[in-house]
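Chains as they are written, first to last, in our numbering: chain A, 1 to 301; chain B, 1 to 505; chain C, 1 to 358; chain D, 1 to 313.
Source of the hints: derived by calculation from the structure; they are not laboratory data.
Be careful, since some hints might not be right.
To be verified - Pairwise CB distance ranges (calculated):
(1) A:S242 to C:D274: 32 to 42 angstroms
(2) B:Q147 to C:D274: 46 to 56 angstroms
(3) C:P40 to A:S266: 44 to 54 angstroms
(4) C:V342 to B:L117: 50 to 60 angstroms
(5) D:G90 to B:R118: 30 to 40 angstroms
(6) D:L80 to A:F256: 26 to 36 angstroms
(7) B:A123 to D:L162: 18 to 28 angstroms
(8) D:L131 to A:G59: 55 to 65 angstroms
(9) D:L162 to B:R125: 24 to 34 angstroms
(10) B:F16 to C:V342: 21 to 31 angstroms
(11) B:L117 to D:L73: 40 to 50 angstroms
(12) C:R344 to B:A224: 25 to 35 angstroms
Since the structure is predicted, the reported quantities are computational estimates derived from the model, not experimental observations.
Virtual Cβ for every residue (Gly too), placed ideally from N, Cα, C.
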Amino acid sequence: AEKTKVAAIYTLPVEQQWISRIHKALNTAAERGDIDYTFSENVANTDYERVMREYAEQGQQLIIGEVFGLERAARKVAKDYTDTAFLMGSSFGPVGPNFSVFDNWIHEPSYLTGMVAGSMTETNVIGMIGGYAIPEVNRLMHAFMDGARDVNPDVKFIVNFIDSWYDPPKAKESAFAMIDAGADIMYAERFGVSDAAVERGVKAIGNVIDTAGDYPGTILASAIWHMEATVDKAVAHVSGGSFEAADYGQYSFMAFGGGSMVLDESLVPADVASAVKAREVEILDGLFRVNVNDARPSSDN
Amino acid sequence: MNSQKILALNGLSKTFGSVIANHNVSLDLYRGEVLALLGENGAGKTTLMNMIFGHYMPDSGSVDIEDTSGAFVPLSLGHPQAAIAAGIGMVHQHFTLAENLDALDNIMLGAERLNRLRRNKAAARGKVKDIMKESGLSAPLTVPVGQLTVGERQRVEILKALYRDVKILVLDEPTAVLTPQEADTLFGNIGKMTKNGLSVIFISHKLREVLAFSHRIAVLRHGAKVGEIATSQADERKIARMMVGSETEEHTRKLMPPGKPILCFEKVSVSGRSRRESLECIDLAVNECEILGIAGVSGNGQTALAGLISGMLRPNTGNIFVDGVAVKDVRPSVMVDAGVGRIPEDRHRDGIVGTMSVAENMIIECLDDQAVQRRGLLKWDTIQAQAEKMTVKYDVRGPGIEAPAQLLSGGNIQKLILARVFEAKPKLILANQPTRGLDMGAAADVAKRLLEARARGAGVVLISEDLDEILSLSDRIMVMNDGELTLAKTRDRAELGLLMAGDAE
Amino acid sequence: MIRIEPRQSSSALMTYGIPVLSAIISLLLASIPLTFSGAPIGASYFEMFKGVFGSKFAFSEMLTRATPLIFTGLAVALAFRARLWNIGAEGQLYLGAMAAVAVGTGVFDVPGVILIPMIMVMGCVAGATGMAVPTLLKTKFGADEVVTTLLLNFIILIFLQYMLEGPFKDPMGLGWPQSSPILDQGMLPPLMDRMRIHSGLIIALICAITAQFMLARSVWGLKLRAIGENPSAARHAGIRVNRTLMSAAIISGALAGMAGVSEVAGLKGYLTSDLSPGFGYTGIVVAMLAGLSPLGVVAAAIFIASVFVGADSMSRAMGVSSYLADLVVSTSLLCVLVGGFVARFKFVRLIQKKEVTQ
Amino acid sequence: MDILQILLSESFWAASLRIATPLIFGVLGALICEKSGVLNLGIEGIFVAGAMTGWLAVWLGAGLWGGVLVAALAGGFFGLIHAVLTVPLGLSQHVSGLGVTLFATSVSYFSYRTALPTVTSPPRIEPFRPLDMPFLSDLPFFGPVLFQQTALTWLALFMVGLVWYVLNRTALGIAIKAVGDNPNSIDAQGLSVYALRTGAVVAGSALMALGGAFLTMSAFDAFFFGMVNGRGWVCIALVIFASWRPGKALLGALLFGAFDALQVRLQTEVGALVPSQVFLAAPYVLSIFALVIAARSADYPRALLTPWFKGQR
Ligand SMILES: Nc1ncnc2c1ncn2[C@@H]1O[C@H](COP(=O)(O)OP(=O)(O)OP(=O)(O)O)[C@@H](O)[C@H]1O
Ligand SMILES: Nc1ncnc2c1ncn2[C@@H]1O[C@H](COP(=O)(O)OP(=O)(O)OP(=O)(O)O)[C@@H](O)[C@H]1O
Ligand SMILES: [Mg+2]
Ligand SMILES: [Mg+2]
């Protein structure tokens with residue numbers, strides 16, 4: 001079959017966690033020979049629409065990206081290029097005929113990592129550092145907090161947003177502040193948090209990517225996002241001519257292999273691990289539903 | 001003093017653009033001698049000294065100096081280091097002090113190696129103290145120089161030069177900012193040091209001290225050396241004549257009865273940054289149909305006086321009346337509106353905006369006139385026509401009225417300014433050094449215009465260093481010295497020269 | 001020994017030729033980084049060209065990017081003409097954008113004929129205030145405006161972040177730090193179907209032409225040029241230096257504010273803290289490249305936008321890092337700086353003439 | 001935890017010093033440049049260049065101190081560009097500085113991406129670790145605040161002393177101060193104004209680059225785009241705040257660091273009364289006030305921004 005032409009547009013460099021997942025999935029598809037993949041990184045907000053249109057004009061069949069903060073413009077472009085399929089990370093819904101959305105719906109594994117953290121904290125204080133308080137961040141944090149509270153009702157959270165997607169030194173300082181305030185487990189939504197945890201000898205919970213190798217002995221568990229399921233589905237639809245506006249969010253669910261939880265058996269006691277595994281099975285079997293809460297989380301006091 | 005030559009200048013010439021600052025000047029200096037260098041403002045004294053010291057590169061000529069072994073060697077020109085190494089020290093006309101440093105640091109600057117981690121300030125302080133004792137010059141060593149008085153700063157400058165173990169000391173107007181007593185002490189001490197073999201060249205406009213303290217006098221005029229004379233054979237009259245040159249013909253100037261006062265100063269004081277920029281309690285009156293000449297060596301308060309009349313400076317106390325009306329808010333535009341035409345001293349700095357066109361410079365003083373603008377927009381056709389007319393009328397020659405004014409020659413820039421000033425039919429004209437740097441023709445033109453304005457009934461304040469100009473144009477002459485104005489009762493050059501040097505008996 | 005002396009005269013060829021030459025040289029210099037990244041040079045330049053002139057869309061995109069640069073370039077050029085170093089166009093842009101959002105997102109639900117002028121006026125006032133304050137600090141206290149305007153950029157950006165998380169925050173924005181959208185009737189009309197190019201460009205061009213005309217033909221322009229070229233002579237001629245400086249500051253700030261208005265009400269529709277990828281700073285490059293002439297600003301903005309859009313598109317086509325575009329823009333600034341020097345000064349070889357003395 | 005508790009905690013002060021470290025380097029560098037009469041707005045870009053090259057050198061195996069050296073050299077290189085444009089050529093220091101910032105930043109970003117085209121996660125180095133000093137690190141309060149910092153923080157503190165010493169106690173420093181006050185004083189003594197100013201700008205820029213290097217080699221262990229994030233500009237403000245004195249520069253940097261550390265800590269509180277932006281903006285606002293006062297201060301290098309040409313009067 002002919003290769004599908006796919007272009008991706010990222011507002012940040014490809015090193016950024018969130019984007020790196022999409023980038024990785026697309027690279028995998030390209031290596032497999034399914035698609036021709038090209039991308040633009042660090043595209044300024046102002047330029048985003050131009051790049052979208054450029055790719056559409058170039059005849060790219062599927063355009064993937066993230067349009068948080070650009071929702072209106074992106075939908076306008078999609079309307080102008082109905083022959084092109086758009087699959088965009090977005091907080092809003094799909095728009096016909098060709099604008100589909102996805103999101104990192106990994107609240108399920110986040111819940112599971114919360115259970116790990118809740119069981120293992122000794123100070124009963126958990127620090128959480130996020131970029132901005134947007135739905136995709138908030139809901140993961142809430143799922144994590146729910147998981148922790150379910151196993152340990154006494155646990156308290158300190159929450160902070162650094163108002164940047166990409167300022168590791170700042171995230172690190174913020175983490176230090178929380179560790180100083182008593183946190184012994186850090187929820188590492190941003191780069192820099194785990195570094196602080198390593199330096200202070202506390203534990204951390206990973207998010208979106210698996211950084212256990214970078215911080216040996218520190219990452220208890222991670223909620224990992226796999227874009228492969230989403231990307232492959234979309235590519236299949238495009239090449240089959242059956243692409244329509246749809247919400248691809250579900251392909252990030254654990255049931256579709258879009259999300260998973262890894263934990264470090266050497267750090268997590270066996271009883272905790274088995275409790276978590278049990279809950280994982282329940283989720284996969286549809287016996288347990290993790291709550292979705294998009295509101296801004298705040299510290300307990 | 002002995003007759004052993006230690007420095008020889010051989011045919012030094014230097015031009016700046018079209019200005020010939022020095023032309024083929026040769027001069028010798030002997031051991032233990034105090035040589036005075038005299039000349040009017042702009043005669044080229046400073047330039048000559050700067051060439052010895054390596055600040056300026058001569059266009060031609062050479063300098064020879066005695067080296068440590070006693071042999072005569074050419075001095076490498078254009079390098080202050082070479083001059084310093086050869087034992088030449090220079091005290092510049094304008095202070096070269098870092099005001100954020102104390103005197104000791106200023107003195108040590110450059111005398112110590114920069115790659116050392118430690119400085120021996122104690123040793124340096126001891127040496128400076130010795131020099132102070134020997135020379136009689138003293139200044140506070142630990143206070144930032146910015147807080148010292150000008151007199152103290154001047155002494156620091158001299159100490160700085162002496163600190164480098166000089167054989168030859170060049171002093172460019174060292175006493176300009178000193179009181180007579182301070183000057184006497186300074187020269188007394190320099191006299192002592194020459195006994196130990198120091199040779200000194202000093203520049204001064206004060207004939208009294210030249211006669212009292214030098215051994216020999218050299219005079220420059222228009223960049224060339226016009227003569228040398230042993231001080232023992234000189235008197236003030238002789239030197240003054242050498243400096244200002246032979247008498248020239250006066251302009252044919254109709255005598256006119258002066259009209260009513262057009263400009264009055266009533267006890268006007270200005271305090272500038274230094275004494276040279278200050279005026280104290282000046283009274284002045286200029287009448288219609290009269291040219292008042294202000295003679296004097298520049299730097300005696302002329303700038304402040306001109307600043308007041310042109311509106312650039314505000315008086316601290318006192319009143320200024322133009323045509324009988326007190327000017328309350330002294331500023332340039334108010335002065336222009338009151339009918340004062342101003343020919344600035346520095347025509348490049350204050351007279352024109354060089355990058356703007358000739359036509360624009362013609363109208364820059366009357367921008368609010370309905371003649372040149374309507375509702376904020378320039379009436380370009382009128383302006384151009386007017387500019388064309390004026391360039392013809394005032395003979396401004398150049399690449400045209402659309403060309404940037406900076407392309408004009410100095411004389412033509414001055415004509416542009418004259419055109420602007422005289423077309424406004426001012427009641428009072430301030431002409432500050434109006435012919436400086438102009439050739440004969442252009443200078444004559446300026447004189448003609450000033451006389452025409454006088455004939456029309458205007459009053460003129462003419463500030464000039466050129467005594468010929470003052471004598472030939474002025475109805476009355478006042479002499480400016482050290483911030484004070486005195487009415488000259490004589491028109492004798494030599495006596496005026498004495499007044500200018502502050503030696504009125 | 002070599003000495004540097006000012007040129008007595010500069011020909012038209014010098015004044016116009018040298019910026020053009022510098023721009024060309026800076027483009028040629030881009031081949032160095034291209035070589036490093038292993039892209040074929042010829043094809044790269046072709047792709048660059050195609051990225052700007054290859055299609056109506058590409059061309060319109062370039063003009064869209066040039067629009068804010070014309071505004072900020074004009075803002076900087078006018079201020080610099082008066083020797084007022086406005087480094088704060090970036091902050092003033094955001095002030096303008098904030099004002100546009102403050103009046104344009106629903107407080108006044110009036111027809112577009114009223115709302116659009118209202119947005120523009122408020123944007124200009126806000127931008128002008130942003131430049132008037134540092135200018136006042138300069139004339140009254142002697143505080144260097146370079147530093148104050150630079151620092152104000154950060155203060156304004158922090159203030160913006162506060163506003164976006166508080167008063168301006170879009171209740172429908174799902175937590176994103178962004179403002180509510182400008183009302184539909186408040187948006188500057190687009191110029192072409194399916195393209196982003198909007199009437200902000202027309203306003204920018206009108207501003208440039210007006211500025212050019214006012215500089216050359218108005219009393220204000222003459223005063224502004226005079227205080228910039230020679231403040232001393234201007235003061236001597238009776239021009240009120242501080243007052244003229246303040247007027248230049250106000251116009252400059254207003255133009256920068258218009259850049260914000262045009263981006264918010266012309267392009268994006270709402271305000272985020274990354275509205276401008278440094279348009280204020282690039283405005284300085286544009287203004288210098290233009291030799292501080294308003295019409296030159298239009299040309300320079302188009303040049304910079306072309307380089308940026310072209311290099312950006314080329315980097316996409318050739319697989320070269322897109323940071324190349326910024327690199328070319330910065331080299332062109334340095335080239336123009338040196339070029340400007342060559343235009344104003346000449347190097348003179350000083351030969352010490354040794355006269356033969358007998 | 002209320003404000004008082006925060007202010008008394010050792011970790012707060014340790015954080016203040018840590019956040020202040022890059023600023024100390026930067027403000028000292030800017031101070032040296034300005035003392036000689038040259039404003040160096042290239043600082044922001046030089047930070048980026050220092051951060052990138054220092055990190056890259058370590059990543060390529062140069063060792064941590066090798067990386068520091070490389071960063072300093074890179075800073076010196078961009079400083080030299082600024083010096084050539086502004087000292088002998090006498091071009092506008094503002095425009096040249098901004099040009100250098102744009103240039104250094106884009107060169108760094110471009111080379112980073114060209115050298116590492118396909119990374120999905122930023123490659124990390126083994127950074128400077130907090131020093132563990134026997135006995136000293138265990139002191140109450142001072143232990144954590146002072147003696148658990150990295151070597152680069154110590155270098156920064158040492159530099160404060162060194163710059164103070166050089167400027168006030170050595171002939172070279174005296175000459176630098178003189179050339180920034182009145183270049184003619186240098187020329188008249190047979191020293192080279194050009195050499196002194198160029199040297200000061202190059203040295204100052206090298207120091208600035210160390211501030212950037214701290215970010216990638218100590219504060220963090222990888223290079224990120226946009227990681228300098230205005231820290232260079234802050235230094236320009238701090239120099240004025242410090243009225244061109246090394247000791248006060250340290251104080252200013254610490255104050256800035258303290259504001260930032262406080263801001264981070266207060267943000268973790270619920271319902272903090274003042275928005276965190278107030279703390280973020282405070283140093284900038286203070287600097288403007290300082291500038292208004294300092295503009296007429298005696299410490300202002302009088303020849304700042306004024307080019308000097310030999311043989312012109
Ligand atoms: N660097 C320079 N550039 C241009 N012109 C100069 C320069 N230095 C001196 N001149 C000009 O050379 C001429 C001689 O100047 P010089 O300073 O030598 O005079 P002077 O005799 O020292 O006068 P004064 O008594 O006023 O100090 C003047 O016309 C002056 O304007
Ligand atoms: N040569 C000069 N170049 C630039 N500025 C100067 C110069 N001489 C004086 N100034 C400054 O210009 C200011 C006054 O200029 P001017 O009177 O033209 O302004 P203005 O518009 O009248 O100001 P204001 O309305 O505040 O009085 C003063 O602050 C003065 O220090
Ligand atoms: Mg002289
Ligand atoms: Mg005024």
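For each hint, the structure was consulted:
At about 36 angstroms, the CB distance of S242 of chain A to D274 of chain C agrees with the hint of 32 to 42 angstroms. The hint said 46 to 56 angstroms for the Cβ distance between Q147 of chain B and D274 of chain C, and at roughly 51 angstroms that hint holds. At about 51 angstroms, the CB distance of P40 of chain C to S266 of chain A agrees with the hint of 44 to 54 angstroms. Evaluation of the 50 to 60 angstroms hint for V342 of chain C and L117 of chain B yields a failure: the beta carbon distance comes to about 42 angstroms.
The beta-carbon spacing between G90 of chain D and R118 of chain B, approximately 35 angstroms, falls within the hinted interval of 30 to 40 angstroms. With their beta carbons about 57 angstroms apart, L80 of chain D and F256 of chain A fall outside the hinted range of 26 to 36 angstroms. A beta carbon spacing of about 24 angstroms between A123 of chain B and L162 of chain D agrees with the range 18 to 28 angstroms that was offered as a hint. For L131 of chain D paired with G59 of chain A, a C-beta distance near 58 angstroms keeps the hint of 55 to 65 angstroms intact.
For the hinted restraint 24 to 34 angstroms between L162 of chain D and R125 of chain B, the CB-CB distance of approximately 25 angstroms keeps it satisfied. Checked against the hint of 21 to 31 angstroms, the C-beta distance between F16 of chain B and V342 of chain C comes to roughly 23 angstroms, which is consistent with it. Restraint check, L117 of chain B to L73 of chain D: a C-beta distance of roughly 23 angstroms breaks the suggested window 40 to 50 angstroms. The beta-carbon spacing between R344 of chain C and A224 of chain B, approximately 34 angstroms, falls within the hinted interval of 25 to 35 angstroms.
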